[in-house]
Amino acid sequence: KLIKELAQKPNLEVMVNTSVFGLYEDNLVAAQSGPDLFKIRAESVVLAPGATDRHLVFENNDRPGILTARGVEKLIMCHAVLPGEDTVVVTTHDGGFHTALLLKGAGANVVAVVDGREPGSAGEFEEQVRNLAVPVYKGLTVHAAHGKKRIKRIDIGPISGGDSHKSFDCDLLVMAVGFKPQVNLLSMGRKRPEWDSERQILRVTDLPSGMYSTGEVHGSAGFARLFSEGIKTGKAAAKKKSVESSKRSEDELIMALPADIESGGKNHFICKCMDVTRFEAQASIEEGYDQVESLKRYSSMGMGPCQGKACHEAVARLAAKDTGLSSLDAVPTTMRPPFSGVSFGVLAGRAPHLSPIRRTPLHQCHIDLGVKFLDAGQWKRPDSYIDPQIEVGYVRDGLGMIDVSTLGKIEISGPDAIDFLQFMLPGKYGKFEVGRTRYSIMVGEDGILFEDGTISHLEQGKYYLTTTTGNQDAINSLFQWWLLVEDFDVQVKNLSLANAAVNVTGAESREFLQKLVKIDMSNEAFPYMHCRQTSISGVPVSFYRIGFTGELGYEIHFPAEYGESMWNHLMTEGEGFALKPFGVETQRILRLEKGHLIPGTDSDALSSPYETGVGFAIKDDKADFVGKAFLQDFKKRGIENKLVPYQLEPDDPIPDDGVAVLEKGRIAGRVTSSRLSPTLKRGIGLAWIRNEMAETGNNFTIRLANGSDVVATVLDHSAYDPEGLRLKS
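Per the working numbering, numbering of the sequence shown is gapless, rising by one per residue and ending at 731.
Computed list of lysine-lysine pairs in BS3-like fashion (alpha-carbon distance at most 25 Å, straight line):
1. K637 <-> K621
2. K41 <-> K241
3. K237 <-> K3
4. K41 <-> K242
5. K193 <-> K242
6. K150 <-> K168
7. K582 <-> K382
8. K433 <-> K621
What follows is a list of derived Cβ distance ranges for each label pair:
9. R438 <-> D491: 20 to 26 Å
10. G372 <-> L717: 32 to 38 Å
11. Q380 <-> F225: 48 to 54 Å
12. M17 <-> E575: 55 to 61 Å
13. S731 <-> E575: 20 to 26 Å
14. D475 <-> Q10: 44 to 50 Å
15. R438 <-> S21: 56 to 62 Å
16. A707 <-> E435: 46 to 52 Å
17. D711 <-> D475: 37 to 43 Å
18. R338 <-> G463: 46 to 52 Å
19. D658 <-> E697: 22 to 28 Å
20. K140 <-> D38: 47 to 53 Å
21. G372 <-> E435: 40 to 46 Å
Hints were generated in silico from the structure; no laboratory data involved.
Virtual Cβ for every residue (Gly too), placed ideally from N, Cα, C.
Work out the full structure, taking the sequences as your base and the hints as a guide.
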């Protein structure tokens with residue numbers, strides 16, 4: 003009724019069947035409703051996570067048929083399910099007798115009620131239980147449970163341990179041994195819980211500004227009290243005022259500590275998720291892991307699906323008992339999200355606001371040309387303007403231009419610039435002449451290939467490194483990290499956003515660009531893999547003659563503020579040469595025709611440079627550099643797998659990226675990249691296969707997504723212009 007009334011309020015949004023699983027800085031709340039993820043940023047957050055039953059620790063306490071009182075009550079009251087017939091209730095407060103009455107009324111045979119408290123005056127519920135001829139045993143607790151697939155019998159005895167006094171046959175044991183507040187969400191507000199000796203609970207006080215809590219999490223109980231506290235807290239949150247602490251009252255939630263048996267057996271499970279016993283916890287403490295944080299990590303307690311919600315208090319309580327610490331010192335470990343289970347599908351969902359959108363300085367130019375955009379990480383890149391198969395023809399037969407502003411661009415300068423490059427990159431740069439450009443790769447400390455690009459010597463002591471789009475930030479961070487570790491007198495500037503860039507490529511690119519610049523663009527004056535600095539219409543530019551597309555081509559880098567004007571100027575001047583823009587998909591086809599790899603697409607976290615065919619860029623005879631030891635080990639062990647270019651027959655269907663390569667019906671590799679080549683009129687691609695299969699001319703089988711097979715042929719070089727005459731001409 004209340005939910006319906008609130009839902010009618012125009013200024014309220016009521017979200018039912020929604021669970022909050024995370025609380026982050028600045029009152030950011032993560033919530034799941036079905037398949038949807040909600041990120042809610044609120045000025046005020048009120049938390050009322052409630053409390054759950056405490057657990058007893060005794061021999062074989064992990065057997066099926068051992069349930070908490072609230073769980074049993076929910077099964078009976080909400081689902082009309084009686085979880086057992088012959089029942090024993092173990093309790094430390096009057097609420098256990100109420101549960102026994104509920105079970106009796108539902109038709110269960112309550113065999114006994116075991117009360118951990120010493121004999122004294124009986125409460126109302128206890129009297130009713132006794133009047134029903136149910137045996138009540140005072141000052142005792144459960145020592146052990148028996149049964150394999152389900153509990154069949156329990157033993158009870160004194161809390162101090164020793165011999166058991168009595169056994170009962172039963173198929174259900176109900177634990178009503180007090181409640182523990184669910185402080186996990188409150189702790190995610192960057193405040194650790196503290197032990198409240200008066201209430202015998204963990205509490206989180208002094209919450210950050212704009213965060214409030216109410217209800218059972220503070221030990222309150224009773225509908226009237228919970229309702230009034232909720233109203234008071236809600237009003238305070240709406241007005242951003244503080245809330246006075248609640249005074250103790252008779253409506254206090256029962257927080258009696260469980261009557262754990264004091265002697266620990268080998269099957270006294272503290273953490274049922276990770277199967278950690280009290281015996282193992284005591285052994286860990288004896289080995290020196292006597293702090294709760296180290297005890298958790300050494301024993302894995304609290305690291306299972308429940309993330310400590312069921313056991314964190316028991317871990318802290320028993321750790322305090324076994325180490326002699328007070329409960330104040332043995333607070334649980336840091337509690338982190340998610341509070342409740344959340345599926346990968348929910349977390350993987352994307353929305354436009356999930357991460358910042360990055361646009362190149364030429365973005366509006368592409369929109370004006372009617373581009374279809376591609377999401378490349380956070381970047382919006384031009385995928386294609388028309389059919390990519392047609393755009394390929396622009397480059398192969400005429401002149402094309404693509405926006406490559408998303409490339410990483412890093413300037414390295416200073417007295418130790420060469421030494422820094424020698425250390426960070428596996429190539430040699432001691433005789434690197436001004437005006438030269440080299441292909442370069444980067445490996446991790448494990449020798450695994452993760453990046454390729456170019457390095458250019460612009461002027462004495464100044465170098466310009468280009469990286470792939472996806473790694474620009476990572477490589478800059480890596481450089482900065484090593485500058486802190488090693489003593490290099492060098493300056494590293496990340497110019498990735500400061501500079502825009504385009505690639506003008508095609509047989510007519512030299513003739514076209516010669517009209518715009520004063521430097522000599524001839525093959526003799528400006529050879530392949532060289533760089534030059536000049537200007538176009540007064541704008542300073544750097545030219546890099548490279549060949550990613552397989553055609554004569556020049557990357558042009560210039561200040562980002564001239565992005566749109568430079569693009570429009572080039573397009574206008576190129577009208578006489580039929581200059582056409584092309585997109586990323588076209589570039590991928592062009593690079594596959596030349597057999598060029600893309601790290602991360604055609605390689606993975608286990609790919610060595612030797613297996614991917616770029617081992618020529620490694621000079622391991624120089625002094626120490628990042629990844630040297632592992633690269634030498636890779637070289638010594640030899641190649642197990644190899645990345646090879648392949649082609650199909652003209653009429654064969656085109657495989658999807660990632661499909662399997664087969665040998666004698668067994669998986670022997672995978673296709674990393676696959677496209678239809680309009681130039682060669684057949685399917686081409688790159689495949690990761692075993693080295694024995696990689697001989698030129700060898701055939702291998704590709705299993706298509708529909709279950710059919712095609713036969714591919716291994717190529718020695720690229721499928722298009724294998725001698726590289728066009729790009730070097």
